[in-house]
Each structure stands twice: as C-alpha cells, then as structure tokens.
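*Asks:* All chains, full assembly: derive it from the sequences and hints.
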Amino acid sequence: MRQKNTVLFLILAGAFFLGQGQESRIYTHDQKLYQQALALYNEKQYQAAQTLFEQVKSSTRDAETEANSAYFVANAAVRLNQLGADRLMEDFVERYPTSTKRNSAFSDVADYYFENGKYPYALKWYKKVDQSSLSRKEKDRFNFNMGYSLFSSRKPKEAERYMSKVQNSPTYGSQAQYYLGYIAYQQDDYEGANERFDQITDQELLDEKLSYYQADMNFKLGNFQEAIALAEKQLPKSDRREVSELNKIIGESYFNLQQYSEAIPYLEQYKGKRGKWSNTDYYLLGYCYYKQEDFANAIQQFNKIIGGTNSVSQNAYYHLAECYLNLDKKQEALNAFRNASQMDFSPEMQKDALLNYARLSYEIGNAYEPVPTVLTSYLEKYPNDEHSEEMQELLVDSYITSKNFNGAMELLEENRDFASKATYQKVAFYRGVELFLEADYAAASESFEKSLNNAADALFEARASYWKGESEYLLNRFDQALADFTRFKQNSIATSTPEYDDLDYNLGYTHFKLKDYGNAIAYYKAYADKHSSGEKLNDAYVRLGDSYFVTSKYWPAIESYNSALQTNGPEKDYAAFQKAISYGFVGKNDSKLEELGSFVSRYPRSSLKDDALFELGNSYIKANRETEGLQTYDRLIGEYKRSPLVSRALLRQGLVHYNASRNEKALSKFKTVVRDYPNSQEAVQAVATAKLIYVDLGRVNEYAQWVQGLDFVEVTDTELDEATFESADKQNLDGKKDAAIRGYENYLKEFPNGINAVKASFNLAQLYYAKNEKDNALPHYLTVVDSGTSEYGEQALTRVCEIYIGKDDYNSAISYLERLEATADINQNRTFARSNLMKGYYQQKNYDQTLAYAEKVLATSGIDNRIKSDAQIMIARSAIQTGDEIKAEEAYAKVLKIATGATAAEALYYDAYFKNKANEYEASNNSVQKLAKDYAAYKEWGGKGLLLMASNFYALDDAYQATYILESVIANFGQYPEIVAEAEGELAIIKAKEAQRNSSVNSDGN
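Sequence positions in the sequence shown follow the UniProt record's numbering and run 1 to 1006.
Any given hint could be a false lead.
Calculated lysine-lysine pairs in the DSS-like style (CA-CA distance at most 25 Å, straight line) [claimed, not checked]:
| no. | residue 1 | residue 2 |
| --- | --- | --- |
| 1 | K525 | K489 |
| 2 | K271 | K993 |
| 3 | K139 | K513 |
FRET-style restraints, in silico, Cβ to Cβ [unchecked claim]:
| no. | residue 1 | residue 2 | range |
| --- | --- | --- | --- |
| 4 | K622 | V700 | 25 to 35 Å |
| 5 | A902 | Q881 | 15 to 25 Å |
| 6 | N453 | E293 | 49 to 59 Å |
| 7 | E348 | D808 | 52 to 62 Å |
| 8 | E449 | R605 | 38 to 48 Å |
Think of the hints as simulated: they come from the structure by calculation, not from any bench. Idealized CB from N, CA, C, for every residue including glycine.
*Replies:* Here it is as structure tokens:
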C-alpha cells in the first residue's frame, strides 16, 4: 500500500510540477513581450509598442501587467494623436482603480502636452491630477507646469497663484520669479516687476530675457538714461522682433530727453507692431525731424497721421502746418492749421492754429468757407485778442480779394460794424460789377447806388457812377444813364480811371438814344479825335454817320461812313449801304447806283444785301432804267424769299407795270402780294391799286368776287379802322400805357384782320413786355411773326426768342431762333440767334449742332468776350460729353483767357482736371488754389476742385492732405450729394490702403 501511495504521490507531484512548468513558460513569454513593448515605447516607437501592449493586455493573466499594458496603450494613443485617445486614458483610470499608474496617468499625459507646447490640452489633464498623492519634488514640477500653462493660455491671475508656490524652489525659483515679474510688467506694475526680476539668480535667464523688459520698464517709469543703457546692452543678443522694440525704447527715450538728433536713427529702425506704425510713431519721428529743421522729412512723417482726434494729432497737425509754411506750401499749411484749430486738446495751440488759418485764408483763398466768415469767426471767438486789429484789417480787404461779393454784401448788410464805410463802398461797387457781367442790370444798378450812397473814396465813387450809367443805359433808362455819365464826368478823379477812355463814346450813344443828335455828334467826334484804331472807333464813325443822316446832313454823313470804311470794322457793309443811300438824298443818283451795284458784288453775304437790291431796283426805276429795275426786283424775290422786302418788291413791280399800262402783269403781281402777304400794308395797297385797274377795265364784278374771298381787310370799314387804331396809338404816344393797352386790345377785338392789326399787335406786345408781363406779350409777338414779313417782324421774332429762352423753353425757342438767324438784318440779332441755338442744342444733347453753332458764333466779328466764352464753353462741354478731351482741353484753355464768373470757375476747374490727368499734380493744385481764391462764390466748382486736390496730394504721397480734404468736403458740401458721395468713396479707398501701414487706421476705412 505504501508503495502504491508513493507512486501515486510521485505521479501527482509530477503532474503538479508539469503544470507549474507550463504556467511559468506562459508568464515568462508575457514578460518578454511586455519588456519588448516597453523598450519600443521608450524608443518612441509608439505604434509598434501599442500593438505589442495590446497583445500582452489580452493574453496576460497578471493583473498588474494587464493594467500597465492598458496604461501604455492609452499613453501611446495620446502621443500618436489617435481619435479616442482621451477616452482610452479615462477608461484605464476607471477599469484599474488600484493601479500604481492611475495618478501618474493624468500627469504623464499633461506633461506630454506641456512638453509639446500644447498648453490648453496640458491644463485639461493637470486639472485631473490628485495633488495630494504627489511628492514634494513632483508638486514643484506640477505647480510650475500648471502656472506656465495658465500663463501661456493668457490667464495671468491664475498663473500667478501657482508660480508663487515655487518662487523659492531651487529648481524652478528663477523662472517662476521671471514669469511673476512678467505678469506684473504686463499689468503695468513696474515696481513689482523690478522687485521680482531682482530676485532672479539664473545668469543665463538674466542675459537672455530680462534686459529687454527692464529697459522697457525703466522707459515707462521715466528712467530714460537707464532704459537706453539696458536696451543698448540687450540689442546684440536679441531676436529680430526684440531689436525693433529695443530701437523704439532707445529712440523714444532720446525723444523724451529732447535729444532729437540721437533719437532719429533708432526711431527709423523701428518696424512697428505687426509691421505697422501708429499715428504716434509717425509723430515722434516727424517731430524729431521738425526740431532739426528738416521740414521735408518731417512732412513725410506727419502727413501719414490720418484721422487723429487726440492731443498727439493736434500737435502733429500744428507742426505739420509749420513745416509746410517753411517750405512755402501755403495750401497744405492752410489745411493742417484748419485741422489743428478744430481740436481743443490744447486751447493755446487751437487759438494759434485758427489765427494762422485765418491769415492764410485771406492770403490764398479758401474753398471750404468764405474768407470773411473765417476772419469774423476769429474775431467773435477772441474779441479782445491782441490780433483783433490785424484781423479787422484783413477782414476789410478780404471782401474784395476773395471776390465773394455776394456773400460779403450779405454779411455787411447784417453787420455794418464789421467794416468801414469805405469798405462797404468798395464791396457794393464790385458786387455791382459782378451783377453787370451776369447781365442782371437792374440789380447791378441798385448795388452801384448803394456804393454811391457810401461815397468815402472818390475813385470808387467815380467808377460806380460810370457803371451805374452803363446799367441804366442797358435798361433803356437813357435819361438816368445820362445823369450818371455826367456825374462821372464831373468827378475830378474820373480822368484817372480805366473807364474814362470810353466816356465820350457812351455819352454819344446815350444822346443818340435820346434823339439829341447834336450832342451825339459832338461826343462821337470827340471820341474819334482821341483814338486811332479799335472796334469802338469804327462803331463811333458809323453812329456819327447815322446822327448826321438822321438830321439830314448827308455830306457829313458820307464822310463819316467813309471813315468807318477805312477802319475796316465789323459794320463795313452797313457803312457802305448808308453811304450809297446818302448819295440819293444829295441828288447823286448815279453815285447811288454805282455804290449800290458795288455793294451787291462786294458784300455777297451781308444781311443788308436784300435792302441793297431793293434800293438798287428803286433807283433803276427812278432813273427810267425799267428793265434793270424789274430784273433787280426779280433777283431780290428769287434770292431772299423770306425777306420782308419781297412783298414791297412785288408791289413795286406791280406799280411799274400799272404805270406802263401792262394791267394784266400788274394784276398778277398785286394778287401775288395779296396771296402771300395777306396781313401787310403792301397787301392793302395792292388791293386798292387792283381796284383801280378793274374799274378802268370795266371788270368791277370780277373785282368784287375777288375781294369777297379776302378776310384780311375790311374794305368798307377803313375809316373806322383807322380812327380806332389812331385813338389807341395816341394814348401810347402820350405815355398813357394802361389806356393804350386797353385801346389796342379793343382795336384787335373790333378789327382782328384790320389794316393796322399787325402794328397794333406789335405795340401791344411791347407795352406788355415793358411791364414784364411777358406771358401776355408773347401771343401778340407771335401774331406779328406769323403775319409774314413786316417792318416789325425781326424785332418781334427776337422778343419771342427772348421770352422762350427766359422760360428755359428751348424746345419752343429753337424753330424761332432758326428763323431769326435766317432772316435777321441786324448782326446782333443774328449773333443772338446763333448763340442761343448753340445753347438750345446743347440742352437737347445734340452736340454736333452745338459745335456747329459755336463755330458760327466764334466766326462772327465784333462780338464781346462774354459771347466768345459762351461759345468756347459750349465747345468744351460738348467735347467732354462726346469723350473728346483733347478738344475740350483746347476750348477750356481759350475760355480761361476771356471768361468771368461761373464760366471762369468752370474753366479753371478743367484746367486743374487736365493737369491732374497729365500727372502734373502740383500744377493742378495751383489751379485749384486759384479757383478757391478768385472764385469762392462758385462753391460747386470749388468742391469739385477739392476732389482733384485730394487726388493730387495722394499721388504726391501726402495721405494726410488727401484724407483731410475729403473729410472736409464731406462735412462742408452737403448741398452737393454727388460730390459728397465721390469724396466718401475716395476716402474709403485711401483709408483702406493706409490701414496696411498705419495701425491707427482701421482696415474698414474708418
């Protein structure tokens, strides 16, 4: 039994040892695989290690090995940045709560993220660590890492709590003191920061980082010399960004020490925040240059300061203005002084800026506001200032030099104490001249009267008398004109005025209009005796001839017309015609025939050619040269179908045939007159003479039948017709205008087709026109115009055109203007027609016709500069509209030489415009400046000019001037929304560009 049991034990023991040996082999295998995985992990072969740890974890029966493998699988996942790594680590902590690696799991992952600079991730895991299980050494490391992660995550207050725990640590103390100091530095606690930095013992840390911050802190504490020394020591050891900041510290320190030349090279080396300077940076460098009197370089810095609204900006703009002044750039200085004067950070600087702004406004003009307003604003703001007297003197003269006479008068009417009597006299005079040039003669006369009522200066009293006379003359108030010209002549200083040269000429015309031909002759002769050439001399000879002619002194008239012909003036054809007619009155019919024949061939395009043909035909008939006479009438009728003389020529032909007993030919001519000119005096005479022929021929029934078809004359009521008309006409001649109007209206109601219907309509129209009742006058003028040719036709046609043009109704006016151009005998009327056809076609956007008529106007001899400038401006505007800027530029250049008022302002703007397009920016600015000074009253052109000036300055790299001008346009030109909109668009573009280099300018343009 014992033997069996022994065998059984041996068998069992063998089985046991056999089992034990198999288990040991498995365990040994797991450990070997675990050690291989751990070696790969330590070699940072995380992917391979993770795979082996997964195998060990799934096969081992050892709980600790399984837990450790799960830990390393999760840790590898973190390092491999695998999706779900966080979950793996959290699962490890939950599944293996007794693992020795449970607490280190959080800190290991946190440390991994910390070491890789992923501080927000590190914070997440550090917050999971159980600090109570950490050793002292581990706690120091944890507190520093936690503090630094919070610091890097921009949580300085929380970071400060953790860093404070290791500030005395042998390992982390210096670095903790550094970051605690830096936090204090960031919070502007420079004394606290310095205290922290002083406790740092790590020399490497001191050399690497602290000098920069200590330099900056000393600068901010006002220790500029210390800041310079520390910053210069740090410069060689710093990176590129710190070098830029250190240069700024040194430069600004020198600036604060007023060592400006030393500051410049350092300030220039500053690269800005993220590559951008601020307004303050530009100011510092600009001011250094300014103090060195390097004004050009100072401007280059100051003018990059855009949109500033603080004391630095006010200083910058004030000093910028001074720099401009030193370089004689007065327009630029004006803008900068104006800007500085609009800020109140320094009241003293504001006042001085306003003073200089006022002075410059007076000197060069101001496109933003009237110069008198600027000067008055200064006086009102600083009434007891030591510069008040100077400002008062400038104000006195500014009304004239700024040429804003309308605004000046309004200001002076409200504030008479602002100027002396002499100043008011001058302003009223110049306002009168301005109104005169604008053809507002009534308002001009009133202004000249105001000037005369404040006659403190004899020179301006004389000149005002003269121009008031000119105004009264053009208003057809000839008696008053004579009184004014006489007052001028009697002024002792008149001979020294520019107007005196034309006095005799004007007195001649005034007496001529008053039908005082004796005095007219005397003054025309006096003018002619003093002059040897000129258009007015030619005109004086012509009017002298007319004065003799009217008074039946035909030989002196012939001599005067001969003198006019020798001067070769614009009325040469008229003088030749009048000379020929005069020969007829002195019985020299042969000479008359010769002169008229010569006239027809010498002046083929004269408006008097139809008159010459008519007179030539009459002269041939009178000389019994009937055939030549009839042929001449035929020539007139064929060549001038619309001439008022055609009806007379036909009547004359009929009378010639009647006198020669060629009754049928006579009747044919008379019937043509009646058919084509039914409401004319010639038609009435034709009917009367035809009646005689029918009676002589015994064909009274035929006459009666013919007359029944005529409605233009009431043959049986002729005496009543004449009596009714004469009654109304007598009221008119006696000056009883209202009674005359009623009489003419009654006549036309009783005899709408009467013998005197045309004359009555014309007289009635004239009376209404004189009362400024132009709507009542118009239908009567139209009646005269539509009646066919008459002696009143041209004048009525001219009035119709004037009335429609006065209403700006060119659609209605154009057909009448074309008719006037075609039929006018008077050159002035033809010129009037062409000038207004030019304007009418421009209004209708018919630019080809506009150009054609402008050229016609310019080809007319003897026209004044105002009409010439109108024509040139039409050419220029049409060229602009059709895109022909070359032609526009040529035309505007011509306008600029002769124009006044609004036309001159327009031309000057385009002068600046074309210079801008040619990249002649400074020259363009000069034109805009002249526009602002000489034509300030025309604000729209001034606003457009300022837009050009802004463009010019930006092209000249002066962003300040460009933006300030555009901002001023936006603020001051609200009544011109298109100008403001363009300014807003340009300002946004410029500010967007400037934001790329100036951090003080927002990228959205604000």
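*Asks:* Taking the hints in turn, state whether each one holds.
*Replies:* Each hint tested on the structure:
1. K525 with K489: 17 Å, holds
2. K271 with K993: 18 Å, holds
3. K139 with K513: 119 Å, violated
4. K622 with V700: 25 to 35 Å: Once the Cβ atoms are compared, 33 Å apart, the range 25 to 35 Å for V700 and K622 holds.
5. A902 with Q881: 15 to 25 Å: Distance hint for A902, Q881 holds at roughly 18 Å.
6. N453 with E293: 49 to 59 Å: Between N453 and E293, where Cβ atoms are some 54 Å apart, the hint holds.
7. E348 with D808: 52 to 62 Å: 54 Å, holds
8. E449 with R605: 38 to 48 Å: 44 Å, holds
Going through the hint list in order, the structure does not satisfy hint 3, though it satisfies all others.
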